[in-house]
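Top to bottom, those sequences are chains A and B. If you count by the numbering used here, then the first sequence holds residues 1 to 304, one letter each, in order. If you count by the numbering used here, then the second sequence holds residues 1001 to 1099, one letter each, in order.
Quick caveat, the hints were computed from the structure, so don't treat them as lab data. Owing to the predicted nature of the structure, the values given are computational and were not obtained by experimental measurement. We put the beta carbon where it would ideally sit given N, CA and C, even for glycine. There's no promise every hint is true.
To be verified - Okay, the calculated bits of chain A under chain B, using three or more residues with CB under 8 Å as the criterion:
no., region
1, 14-20
2, 23-33
3, 88-102
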Amino acid sequence: MVAPAPVAATVGVEEFFTAAIGRALELGLASPEDVLAYATPEVLAEHLPREEWTKLLTACLGAPRTDARLVVDTVTVPVLCEHVPFGILWACLAKLATRALGRGLVAPPPSIAPPPSIASPPSIAPPPSIASPPSAPAPSVSAPPSPSSAAASASVTTPPPPPAARKSEPVSATSPSLVAAAPSVPEPLLDVDQARVPEPAPLGDPPSPPRKESPGATSRNLIGARRPQASAPAVIPPRKADLKTQPPQPKRASTATDFEIEADLGEAWKKAGADPEPVDDDQLIDWSQSEETMTSGESQDRKR
Amino acid sequence: MSIEARQRWFATMMESGLTQQIFAPADVLRHATPEVLANNLPPELMSKVLAASLAAGAMTPERVLETVTPDVMSRHLPHEVLWDCIAAAAERAGIAGGR
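Okay, chain B solo, but in the shape it has when bound:
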């Protein structure tokens, strides 16, 4: 219950953060570094990311997040990394901290 719920919760927060432009795909990849992705994503997802990038001719953060969706991130990436991304965005936006 707790793990699955936490996954859903982080998926919601990541999706909402991206939708509301609290953070951008580039901000996500600043925390979900290639090392983090390589160490946590399953091979089939890595293959999809590479295939999509090869087909488009470039690997951009936006294109990576087309495959590594918030749901995928919440399932495979450490939640600490995701929360670090959210917290950093909140700090940049000035909503973290005082009133």
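Just chain A, with the same shape it has in the complex:
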């Protein structure tokens, strides 16, 4: 509470206020309305000299519209700071600083507050998704100053919290939307799984017998019933049996290659039927001797 610094001269204080308030207006941290909220017409009437009032009245009369910007632009910040009492200027500056600091301080808390209220309905997914984004901005301002600046922030922020709290509300309103989006995501995923299930069903009828061939892998059958169904080799054996009795025409779609093969077979049969006489016993004996070839390639020989 000692006052080591020399008491500021009037000119120095004026220039300080001029720089502080003027810069705030330039940077958009303050508006002319903020200035006139303290430098009210009554204050100006009491402290502004007649010369400045003459300028102001002239400007207002000549302008199509009279507003705070016109007043501040006409009187100018240096003139305001020269004539308006420092206490009023300080009150204006303190409010600007409070508001500026309040934005940074209050912004993080609102973002953190909504998660608990939202977390109650959707217990699992929302909390992590929401907690991460708000945590980032908070430390930038509030975390470092905590030790020494706590008192300062308290002294400064206590008066203006209402506007900050209002600003926090829209933030909380946005966060629930994010949370609402999170639970909606898993639902379509479930639909996708359900959509996949019905697909393998038609394939399940033919491949069911091959599953019985490997009873040891029960876990595989339980886990991925689709894969064995889709596997081609499991379907092949019944097709061989079908080949002996009936051609696999119904299952396969007719293609150009199939027609060619059938045409070849038809010609072979025709050729074989056309030459019944040339068949000899020697030839029959040759065919019967090679049983291995008969077992392994009956279908192939027939096709050929």
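Add chain B to chain A, keeping to what the hints say.
Relative to the frame of chain A, chain B by itself:
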């Protein structure tokens, strides 16, 4: 916009306050304590502060503020600390409060 503008604004106020002798470097360091500086200044700036002090043979508030300029303060130090410094100076000068 708001953060950058606020930084510029506090830099202006700190510079103006020092220039107009509303507060002195010692007043600044009374709020921007060594703990605050150590916790917020980047290592390279800490190195500069120490190097300048070693070269001069002493670490004075004026010398610290030669490196930790108002612009640096507004960028790295909590603005609450800076405002506390300004408010305290205004209170000492008797310009904070009534007319």
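Hints, one by one, checked against the model:
{"no.": "1", "hint": "14-20", "verdict": "holds (count 4)"}
{"no.": "2", "hint": "23-33", "verdict": "holds (count 5)"}
{"no.": "3", "hint": "88-102", "verdict": "holds (count 7)"}
Every hint from the earlier list agrees with this structure, and none is contradicted.
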